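Asker: With the sequences and hints as input, model every part of the structure.
Using the numbering used here, read the sequence shown as starting at 452 and increasing by one per residue.
No lab work stands behind these hints, which were simulated from the structure alone.
Being a predicted model, the structure only gives us computed values, none of them experimental.
Heads up, a few of these hints could be off.
Calculated lysine-lysine pairs in the BS3-like style (CA-CA distance at most 30 Å, straight line) [as the list claims (entries may be wrong)]:
(1) K554 to K691
(2) K632 to K457
(3) K632 to K618
(4) K618 to K457
(5) K691 to K558
(6) K632 to K697
With beta-carbon atoms standing in for the labels, derived distance ranges [said to hold, decoys possible]:
(7) Y636 to V515: 45 to 51 Å
(8) L564 to A637: 35 to 41 Å
(9) G624 to A531: 39 to 45 Å
(10) T484 to R620: 44 to 50 Å
Where is the CB? At the ideal position from N, CA and C, for every residue including glycine.
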Amino acid sequence: MKNPRKNHSRASLRYCIRLAVFYILGALAIRVTCQSTSSGLTSGSTNANASPWVIAIRNAGISVLPSVVNAGILTSAWSAGNSYLFMSSRALYSFAVAGNAPKIFAKCNRYGLPIYAVVASSCFAPLCYLDCSTQAGVAFNWFVSLTNTSGYTSWIVCCIVYLRFRKARQAQGVTVPYTSKIQPYAGWICMFTFFVLLLCNGFTVFYPGQFTASGFLTTYLGIPLFLAFYFGHRLTIGRKYRWAYKPEEVDLVTGVEEVNADAEMWTRLEMTEQQQRGSTNPVWRVISAIWQ
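Answerer: See the structure below:
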């Protein structure tokens with residue numbers, strides 16, 4: 452993120468606006484244009500024909516737009532795949548740089564690309580073809596459930612880290628340029644919510660007559676795996692670190708000078724660009740404020 456001290460608050464506000472416009476209004480549009488009893492929704496189909504947008508367009512008698520929507524779905528899936536590959540490869544690269552993963556993943560080519568991390572992350576992509584077979588689809592569902600459980604667990608950890616950081620900042624009297632008036636209550640609420648979602652992720656296996664050992668393991672396997680990885684790391688490589696630090700002892704100073712210098716650099720660059728650009732079209736400023 453360019454100039455995070457200035458753009459962090461903007462990004463938070465724009466995220467809420469995008470969430471309201473694209474998700475809430477989109478869900479309302481689907482409810483208005485597509486009936487819940489439509490045969491396309493209740494047929495059990497898993498392809499693009501089950502999309503409520505495609506069904507609504509067909510009901511309206513527009514013959515071309517369903518193909519356009521299908522192309523948009525494929526483009527969105529491709530974009531999501533690129534984003535996840537980027538995040539997973541860079542996360543593996545950062546682990547290697549920090550010494551928490553094999554050093555080979557920290558090597559980059561002449562273009563600055565962590566090629567070994569990208570290749571290792573790409574090896575998991577063909578697993579999506581497991582869903583093409585009925586028997587292999589069971590294994591695919593294992594990975595999907597493991598991914599969902601890992602997502603909830605990671606958000607719980609993020610909430611814990613944020614709450615601990617906030618407490619350390621208050622204990623040391625460190626101020627930040629952007630604050631939220633709903634904190635720390637929002638952090639506690641989010642942590643509790645994700646914890647409930649984690650426990651209720653596979654609530655259907657507890658229905659009378661539907662409990663199976665495989666279904667239970669498929670849903671909740673990620674929890675013991677996370678605990679095994681965490682405590683395994685703490686008891687081996689992480690033994691040199693303390694289990695917890697007091698708020699007064701947390702290091703909030705290392706790297707601050709570099710951040711201040713970076714913020715000053717971005718401020719000068721933005722002032723220079725604004726002077727060179729001069730007054731811009733107000734319509735373009737609105738579009739830039741939404742998408743940047």
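Asker: All the hints need checking, so say for each whether the structure fits it.
Answerer: Evaluated hints:
1. K554 to K691: holds, 19 Å
2. K632 to K457: The hint holds at about 18 Å.
3. K632 to K618: Within the cut-off at roughly 15 Å; holds.
4. K618 to K457: holds, 23 Å
5. K691 to K558: Given that 30 Å is the threshold and the Cα spacing comes to 26 Å, the pair holds.
6. K632 to K697: Between K632 and K697 the Cα gap is close to 25 Å, so the pair holds against 30 Å.
7. Y636 to V515: 45 to 51 Å: holds, 49 Å
8. L564 to A637: 35 to 41 Å: This hint holds: roughly 37 Å between Cβ atoms.
9. G624 to A531: 39 to 45 Å: Given a distance of about 42 Å, which is inside 39 to 45 Å, the answer is holds.
10. T484 to R620: 44 to 50 Å: Since T484 and R620 have Cβ atoms about 48 Å apart, the given range 44 to 50 Å holds.
Of the numbered hints given earlier, the model fails none.
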